[in-house]
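Engineer: If you read the sequences in order, they're chains A and B. Counting along the first sequence from 1, when you hit position 4 you're at 4 in this note's numbering, and nothing is skipped either side. All you need for this note's numbering is the position in the second sequence, starting with 1, plus 1000.
Simulated from the structure, these hints should not be mistaken for lab results. Any given hint could turn out to be false.
Said to hold, decoys possible - Within a straight-line C-alpha distance of at most 30 Å, the following computed DSS-like cross-link-like pairs (lysine-lysine) qualify: (1) B:K1023 <-> A:K36; (2) B:K1119 <-> A:K36; (3) A:K36 <-> B:K1013; (4) B:K1058 <-> A:K32; (5) B:K1115 <-> A:K36; (6) B:K1100 <-> A:K9; (7) A:K36 <-> B:K1114; (8) A:K9 <-> B:K1033; (9) B:K1068 <-> B:K1058; (10) A:K119 <-> B:K1114; (11) A:K32 <-> B:K1115; (12) B:K1129 <-> A:K36.
To be verified - Over 10 Å on every C-beta distance to chain B, these chain A residues come out as not near it, computed from the model: (13) P16; (14) K17; (15) K35; (16) R40; (17) L59; (18) K63; (19) R78; (20) G81; (21) L99.
Glycine included, each C-beta is placed from N, C-alpha and C at the ideal position.
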Amino acid sequence: MARRYQPAKRVAEPDPKYGDRQVQSFINRLMKGGKKSTARRVVYGAIDIVEERTGKPGLEVFKAAMKEVAPVMEVRPRRVGGATYQVPLEVDAHRQFALVTRWIIGAARERSGKSFAEKLAEELIDGSNKQGAAYRKREEAHRMAEANRAFSHYRV
Amino acid sequence: MAERYFEGIGRRKQATARVRLTKGKGAFVVNGKEVADYFPRFGDLDIINSPLEDGGAKNAVDISVLVKGGGTTGQVGAVRLGIARALIKMTPDVDRAMRKGGHITRDPRVKERKKPGLKKARKAPTYTKR
């Protein structure tokens, strides 16, 4: 770890189709084995399918899903005197993005049948409607935070 | 070929691009092919054209590029840098615009060499106590 200074945060360049950094970041997270073109095709394909099925601009639905699925609170373990407590904490924007991306991609991979672009499209539509496996993850995180409210004074 | 040209050399990763600009109206040839044919990948053209747009020279120049080495991504970046440098030679007052757009920063990221005792540049063999 650098001791003298904090390295500057690097953010993804805007994606070529929508000029949106979130979309590019999403593509990067979805990519496997450095195959950016393939990842890009899948994501753009999914957004096109979303557009076709909802009749709304795909990017809007994408953003809506990202917003709806983002958790506000989560629990993180903290050890105090031998016992580990699940301490509820607020989720900062950066981590929100990381979690949402992970959940949506994970949930889309879990879906069965069809092409990945289609699965991703469905997950995005569901997410924007507060449904789907990714949304359930968010609810689960909130439930855990609520249940462990008693430990909230520990903070990490 | 009596026409005076402005040359800029750009590099990125393993690629080197020699870019020649002449006054013209937008012809763009890379290694003897049309740009769009040489770099068909979606989004690459935007990167290549970005210095031209920021320099306001989109259809005011003819460009001829020889690019060697590296892969597609490296070549794209090399061409971009070469164009930016050539543009500055041609019209020095675009310098600010080029700097602002980050077009004349040589991207220093290159493949890291493999080291002896390691499996790759950073990957170490599993530690065994004895």
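Engineer: Determine for every hint whether it applies to the structure shown.
Structural biologist: Here is what the structure says about each hint:
Taking the CA atoms of B:K1023 and A:K36, the gap is about 36 Å. The hint is violated against a cut of 30 Å. Taking the CA atoms of B:K1119 and A:K36, the gap is near 25 Å; set against the 30 Å cutoff, the hint holds. For the hint pairing A:K36 with B:K1013, the CA-to-CA distance comes to about 17 Å; that is within 30 Å, so the pair holds. Between B:K1058 and A:K32 the CA atoms are separated by roughly 36 Å; this puts the pair beyond 30 Å, and the hint is violated.
Under the criterion of a C-alpha separation no larger than 30 Å, the hint pairing B:K1115 with A:K36 is consistent with the structure, at around 27 Å. At most 30 Å may separate the alpha-carbon atoms for a hinted pair to count; B:K1100 and A:K9 meet this at roughly 19 Å. With a C-alpha separation of about 24 Å, the suggested pairing of A:K36 with B:K1114 holds against the 30 Å cut-off. At roughly 39 Å between alpha-carbon atoms, A:K9 and B:K1033 are farther apart than 30 Å, so this suggested pair is violated.
Of the pairs offered as hints, the one joining B:K1068 and B:K1058 holds, with about 24 Å between alpha carbons and a cut-off of 30 Å not exceeded. Between the alpha carbons of A:K119 and B:K1114 the distance comes to roughly 39 Å, so the proposed pair goes past 30 Å and is violated. Between the alpha carbons of A:K32 and B:K1115 the distance comes to roughly 25 Å, so the proposed pair stays at or under 30 Å and holds. Distance restraint check for B:K1129 and A:K36: the Cα-Cα separation of roughly 40 Å exceeds the 30 Å cut-off, and the hinted pair is therefore not satisfied.
Listed as outside the interface, A:P16 is inconsistent with that label: its C-beta sits roughly 3 Å from the nearest C-beta of chain B, within the 10 Å cut-off. A Cβ of chain B approaches the Cβ of A:K17 within 10 Å, the least distance being about 8 Å, so the stated non-interface status is violated. With a least beta-carbon separation of about 12 Å from chain B, A:K35 lies farther than 10 Å from that chain, consistent with its non-interface assignment. The claim that A:R40 lies off the interface is violated: its Cβ sits roughly 7 Å from the closest Cβ of chain B, which falls inside the 10 Å cut-off.
Distance check on A:L59: its Cβ is at least 16 Å (rounded) from any Cβ of chain B, clearing the 10 Å threshold; non-interface status holds. Every beta carbon of chain B lies more than 10 Å from that of A:K63, the smallest distance being close to 21 Å; the non-interface claim holds. With 10 Å as the threshold on Cβ separation, the claim that A:R78 sits away from chain B holds: the shortest Cβ distance comes to roughly 30 Å. Listed as a non-interface residue, A:G81 keeps its Cβ farther than 10 Å from every Cβ of chain B; the least gap is roughly 32 Å.
At the 10 Å boundary, the C-beta of A:L99 stays outside the reach of chain B, the nearest C-beta of that chain being 27 Å off.
When held up to the earlier numbered hints, the structure conflicts with 1, 4, 8, 10, 12, 13, 14 and 16 and fits the remainder.
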